[in-house]
Amino acid sequence: MMVKLTKMTPVLFAGAMGAAIAFSPVAGATPAPPPPPPPCWNADGTPCASVGTAGPGGVDVAVPGGPVGEAGPGGAEGAIPGGPAGEAGPGGASGVIPGGPGGSAGPEGATGSIPGGPGGTAGPDGASGVIPGGPVGSAGPGGASGCIPGIGCATIPAP
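Here the sequence shown is numbered in the working numbering, starting from 159 and rising by one per residue.
Treat the hints as calculated values from the structure; they're not laboratory data.
Just so we're clear, the structure is a prediction, and the values are computed from it rather than from any experiment.
Where a beta carbon is used, it is the ideal one built from N, C-alpha and C, also for glycine.
Just so you know, nobody snuck in bad clues.
With beta-carbon atoms standing in for the labels, derived distance ranges:
1) Ser208 - Gly247: 22 to 32 Å
2) Cys206 - Gly275: 36 to 46 Å
3) Ile309 - Val217: 46 to 56 Å
4) Pro205 - Gly292: 50 to 60 Å
Using the sequences and the accompanying hints, generate a full structural model.
Right under this line is the structure:
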């Protein structure tokens with residue numbers, strides 16, 4: 159048996175080498191490209207559509223029935239139908255929630271309010287604030303004044 163195995167060894171090596179040579183192009187080939195992505199479908203079964211554009215002047219997007227926005231060198235703005243909206247640019251920023259708080263800020267100051275709630279304004283010349291049915295006050299370079307319902311008012315001039 160030993161004699162037969164030693165006589166077959168060159169044949170086995172020759173067979174293995176032949177198989178390696180035969181399959182080497184397959185082993186060295188580049189893999190197939192991945193399959194294309196599946197088509198885009200919205201939740202309601204309609205095909206997806208392009209909702210935005212981008213270019214040197216900026217970008218804009220408008221999702222049908224959904225958020226809209228745009229941005230460019232002059233600033234940005236966005237809104238959600240029935241929801242919050244805002245904008246920002248070199249002159250400042252502002253935002254509002256329908257039926258809720260709103261405010262703005264810029265180089266000259268800031269202001270904000272909550273419907274039926276507190277509101278205030280501040281700027282280089284001073285600040286003021288109010289709480290409906292509650293205290294009211296203002297302060298600036300000339301002094302400060304304020305009132306508390308049921309207690310009284312006071313004014314303090316600046317020294």
